[in-house]
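Undergrad: Based on the hints, put chain S in the right spot on chain V.
Protein chains: 2
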Amino acid sequence: MDIKQYMKEIGQRARKASRAMAKADTAAKNQALSLIAAAIRRDADALRAANQKDLEAARTSGLAPAMLDRLTLSDKAIATMAEGLEQIVALPDPIGEISNMKYRPTGIQVGQMRVPLGVIGIIYEARPNVTVDAAGLCIKSGNATILRGGSEAIHCNQALAKLVSEGLAGAGLPADAVQIVETTDRAAVGELITMPEYVDVIVPRGGKGLIERLMKESKVPMIKHLDGICHVYIDDKADPAKALDISFNAKCHRYGTCNTMETLLVARAIAPSILPALAKLYATREVELRGDDEARAILQGYAHLTAASAEDWSTEYLDAILSIRIVTGMDEAIDHINTYSSQHTDSIITEDYTRAMRFLREVDSASVMINASTRFADGFEYGLGAEIGISNDKLHARGPVGLDGLTSLKYVVFGHGEIRE
Amino acid sequence: MDIKQYMKEIGQRARKASRAMAKADTAAKNQALSLIAAAIRRDADALRAANQKDLEAARTSGLAPAMLDRLTLSDKAIATMAEGLEQIVALPDPIGEISNMKYRPTGIQVGQMRVPLGVIGIIYEARPNVTVDAAGLCIKSGNATILRGGSEAIHCNQALAKLVSEGLAGAGLPADAVQIVETTDRAAVGELITMPEYVDVIVPRGGKGLIERLMKESKVPMIKHLDGICHVYIDDKADPAKALDISFNAKCHRYGTCNTMETLLVARAIAPSILPALAKLYATREVELRGDDEARAILQGYAHLTAASAEDWSTEYLDAILSIRIVTGMDEAIDHINTYSSQHTDSIITEDYTRAMRFLREVDSASVMINASTRFADGFEYGLGAEIGISNDKLHARGPVGLDGLTSLKYVVFGHGEIRE
Numbered sequence: 001m002d003i004k005q006y007m008k009e010i011g012q013r014a015r016k017a018s019r020a021m022a023k024a025d026t027a028a029k030n031q032a033l034s035l036i037a038a039a040i041r042r043d044a045d046a047l048r049a050a051n052q053k054d055l056e057a058a059r060t061s062g063l064a065p066a067m068l069d070r071l072t073l074s075d076k077a078i079a080t081m082a083e084g085l086e087q088i089v090a091l092p093d094p095i096g097e098i099s100n101m102k103y104r105p106t107g108i109q110v111g112q113m114r115v116p117l118g119v120i121g122i123i124y125e126a127r128p129n130v131t132v133d134a135a136g137l138c139i140k141s142g143n144a145t146i147l148r149g150g151s152e153a154i155h156c157n158q159a160l161a162k163l164v165s166e167g168l169a170g171a172g173l174p175a176d177a178v179q180i181v182e183t184t185d186r187a188a189v190g191e192l193i194t195m196p197e198y199v200d201v202i203v204p205r206g207g208k209g210l211i212e213r214l215m216k217e218s219k220v221p222m223i224k225h226l227d228g229i230c231h232v233y234i235d236d237k238a239d240p241a242k243a244l245d246i247s248f249n250a251k252c253h254r255y256g257t258c259n260t261m262e263t264l265l266v267a268r269a270i271a272p273s274i275l276p277a278l279a280k281l282y283a284t285r286e287v288e289l290r291g292d293d294e295a296r297a298i299l300q301g302y303a304h305l306t307a308a309s310a311e312d313w314s315t316e317y318l319d320a321i322l323s324i325r326i327v328t329g330m331d332e333a334i335d336h337i338n339t340y341s342s343q344h345t346d347s348i349i350t351e352d353y354t355r356a357m358r359f360l361r362e363v364d365s366a367s368v369m370i371n372a373s374t375r376f377a378d379g380f381e382y383g384l385g386a387e388i389g390i391s392n393d394k395l396h397a398r399g400p401v402g403l404d405g406l407t408s409l410k411y412v413v414f415g416h417g418e419i420r421e
Numbered sequence: 001m002d003i004k005q006y007m008k009e010i011g012q013r014a015r016k017a018s019r020a021m022a023k024a025d026t027a028a029k030n031q032a033l034s035l036i037a038a039a040i041r042r043d044a045d046a047l048r049a050a051n052q053k054d055l056e057a058a059r060t061s062g063l064a065p066a067m068l069d070r071l072t073l074s075d076k077a078i079a080t081m082a083e084g085l086e087q088i089v090a091l092p093d094p095i096g097e098i099s100n101m102k103y104r105p106t107g108i109q110v111g112q113m114r115v116p117l118g119v120i121g122i123i124y125e126a127r128p129n130v131t132v133d134a135a136g137l138c139i140k141s142g143n144a145t146i147l148r149g150g151s152e153a154i155h156c157n158q159a160l161a162k163l164v165s166e167g168l169a170g171a172g173l174p175a176d177a178v179q180i181v182e183t184t185d186r187a188a189v190g191e192l193i194t195m196p197e198y199v200d201v202i203v204p205r206g207g208k209g210l211i212e213r214l215m216k217e218s219k220v221p222m223i224k225h226l227d228g229i230c231h232v233y234i235d236d237k238a239d240p241a242k243a244l245d246i247s248f249n250a251k252c253h254r255y256g257t258c259n260t261m262e263t264l265l266v267a268r269a270i271a272p273s274i275l276p277a278l279a280k281l282y283a284t285r286e287v288e289l290r291g292d293d294e295a296r297a298i299l300q301g302y303a304h305l306t307a308a309s310a311e312d313w314s315t316e317y318l319d320a321i322l323s324i325r326i327v328t329g330m331d332e333a334i335d336h337i338n339t340y341s342s343q344h345t346d347s348i349i350t351e352d353y354t355r356a357m358r359f360l361r362e363v364d365s366a367s368v369m370i371n372a373s374t375r376f377a378d379g380f381e382y383g384l385g386a387e388i389g390i391s392n393d394k395l396h397a398r399g400p401v402g403l404d405g406l407t408s409l410k411y412v413v414f415g416h417g418e419i420r421e
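Listed in order, the protein sequences are those of chains V and S. Note that this note's numbering gives residue 409 to position 409 of the first sequence, counting from 1, and the numbers run on in steps of one. Note that this note's numbering gives residue 185 to position 185 of the second sequence, counting from 1, and the numbers run on in steps of one.
Where hints are given, some of them may not hold.
Identical copies go unnamed one by one, so any copy, or any two together, can satisfy a pair.
Stated by the list, open to error - Here are the simulated lysine-lysine pairs, BS3-like style, with alpha carbons at most 25 Å apart:
1. 8 <-> 216
2. 208 <-> 219
3. 237 <-> 23
4. 16 <-> 219
5. 162 <-> 53
6. 16 <-> 4
7. 4 <-> 162
8. 4 <-> 216
9. 76 <-> 162
Calculated from the structure, these hints are not laboratory results.
In isolation and in its complexed conformation, chain V is listed as follows (with noise of 0.2 Å):
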C-alpha cells in the first residue's frame, strides 16, 4: 500500500467534502446527526461485536488494563454517543451568524460572518467514543474530518465510520464529510501532519509525548494542550471553609484530568491554621503531600509527607500526589504560577476584592478563577455544549474548545456601488 498516496486521496476527498459541508444547511446537518445517534442505537450489538475484536486482539498484544478500559465499548457508552450526537442537535448552528454589521463613512457596511476552518484531521488514542463525538461537532460545524484513531480500536471505528457516512448521505451530505484512516501504518500520521493543501488544522487527543512529537513534525496549525499543571491560591484573606472545600475537590474529584490541581500555593500567614485541616482530607485518599521546608514543618506526622524537589513544580501526577509551597502573599504566588503553570487552569481562594480582581488579570492562563475548583475548567460545565480539547495556545483557541473553536471569522462587506477615492 502507497499510503503517501492512500493519505492523498483522503486529503483530495475531504477537501471537496468540505465545500459542500460548509453550505450545508443547519437542517441538514441535524438530521445527519440524528441519523447517526439512531444508527448507533439500532446497531449496538454489531458494534459491540466489532468492539469485541479489537478487545481480544488489544489483550494478546498485552494492552495495559487503563487502555483496554478506555477501549471498551460498554451498553452505557453506546447510549452515551448517541446522546452526545442528540446534544449537538441541540446546539446552534455557528456557521453564518453574522455579527458587528455597522456602516462606514463610505457607505460599504461591514460586518464578520462565522465560517468553518475547513478540513480538521484528529488524531486520538484508541478511545471509540472520540470517533463520534469529533465526527459530531465537525459535522456541526460545517467541516470535514479525517479521523486517525488509536490503531487497537480500527474495527469499532470502522463500524462506527460506517454508521456515520450513512447517516451524512441519508441527510443528502457527503459522505466523505467525515473519513477515518483505514491502515494502522504510523506512516499515515506523517502525511496527515504534513499535507496543509488538504488539511486546516489538526486537533491531537493523547498524551503530551505523542503532541511533543506531532509539534515538531507538523506543517499544519495545531489546537493542542501538553499538560495540565493547575495551581489553587490560598490567600490569608481566604474563607477557611472553601479553601478546604476547593483544594478537596480540585486534587480528590479526579486524578487523571488536565483540570486537576497538581501545586497548592499557601499563604504564610494562613498556612498553620489552614494545613493541619486540609491534611485530616487529604489523609481520607492517602494522598501524598510533597511539602517546601515550611510546609513540612507544618504538616509533621502526617502519614504521607514528602519532601519536594524543585522538580515538582513542574510536575503534572495525575496521580493522588499534591505539591505545597508556603508564599509570602499573591504576589509570590502569582510569580510562581506564571512561571511554572501549564497556563491551563489556576484558581484564587479570597475574599478579598481586590487581590481577586488582580489574580484575574494577572495570571496569564486559558481559565483563571476566584473560588472555584480547577475541575468546572470543561467545556459541558462552561456551557459549550461539547468539547474537541481543551486548547493552552494563545492564538485562535484557548481553554475549551466547543464549536466556535472549530470556526473562523470572515469579513464581509454589503455595498451599493461603493469605490474608494
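TA: Same frame as chain V, but now just chain S:
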C-alpha cells in the same frame, strides 16, 4: 558578536517586559503613546538626519528607486507617524474587556477576558513608519514587541526606537517593551523565528519570497498573508453602472496593493454589453487585458489585448494588467474563485438577492463583498482604527488585523466556593 546570545537576551527582556505590559493600565499606555508622538515631532530634524545616513548608504549600494522611496522619511511621513499614534490613543483599550459572562447551573459565573498575546516579533522591510505603527499597536494591546526592520533603515530605526523607549519609561512602563534588533546580520531573523519560549507570534510584513522562507523555518506561529489574488465577478443581473465603476476602481485605484483586483470574471450573458464599455475605461490607463478566447473575441480591437494562459489565473500582477474570463454564471465564478483566489478579497456585482447571499456564504475568502470595490479591504476602511497587516490564514485572525488580532481570550470564572460534584 554572538547573535544567538544577543537574540536570547532580547527575548528574555521582552518576555519580562510583556508581563508588565499585560497589567499596565489604559492611562499609562496612552501616556506612552502621546509622549512618543510628541517626541517624534520634537526630534523631526534628528530623525531626518538619521534617515539621511540610511539614504546615502542605500544610494551607494544601489537600492532600487521604489525601495528608496519607501525608505525616505519626509516631513509628511513624520507627521503621519505622530498622528497615527494619536489615533491609537483614541481607540478603546481592548485589554481586560470581559464578555459573555453568564451563570451556569452549578452556580459559577463563566465569561471571557481579552488579554495580550505576550511577545510579538515583527519582521519588515526598510520602511521606518512601520517601526512606529507596529510599536504603537503593540503598546496599546499590552504586548511587548521585537522589531526587525530592513537593514537599510537601521539608523532611522535606532533613532525612532530611542524615542519609543523614552516614551515608555516616561509613562512608567518598561523601556524593553519595544526593542529593535540592532544588528543587520540576517542570522538574527533566524533566531527570532525559532525562540517560541520568548516569542508568541511573528508578524512578517514583506514580499511573498520573505514570507515563504519564514514559513518554512519558523517555530513560532505567524499572522501573515502571502499574496492577494482578488476577483470581481460581474453577474448577468449586475447593475452595469456599478459594474463599470467597481471594476475600474478595483483595478486602477492602485496597482501595487494586495487588495487590487487581478482577475475579472464576467457572466456570458452580460459580457458582450459590459466588456466593451469597460475596455474604454481601462484604455485610459493602458491596462493590459489578458482574456480567454471568448473575452478576446468580444474585446477585438483593444490596443493592449493579449491571451490569458493557465498561469494567469494564479498570478498577482501588482501592475496595470488584468486577466479576464467569461463564465456561464455564478456557480462557475465561485468555483474559479475557490480554486484560484488567494482567499484575500473577492466581490460580486449583482442586483440578485439570492445570488448575493449565496456568494457571501460560499466564497471562502477573508473578505467577501457585494457591490463594492475590493480596495475597501483595509483596517482603516473597516473601522479597526489601525492595522498591523492583513491575514489570509483561517486560524486566529482573518482579514485586516487590528488591535483585537494582537490579543487572545482567556476564560474567567467567578465562584462562591463551588466544587464539582
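Undergrad: Can you name, in rising order, the numbers of the hints this structure does not satisfy?
TA: none
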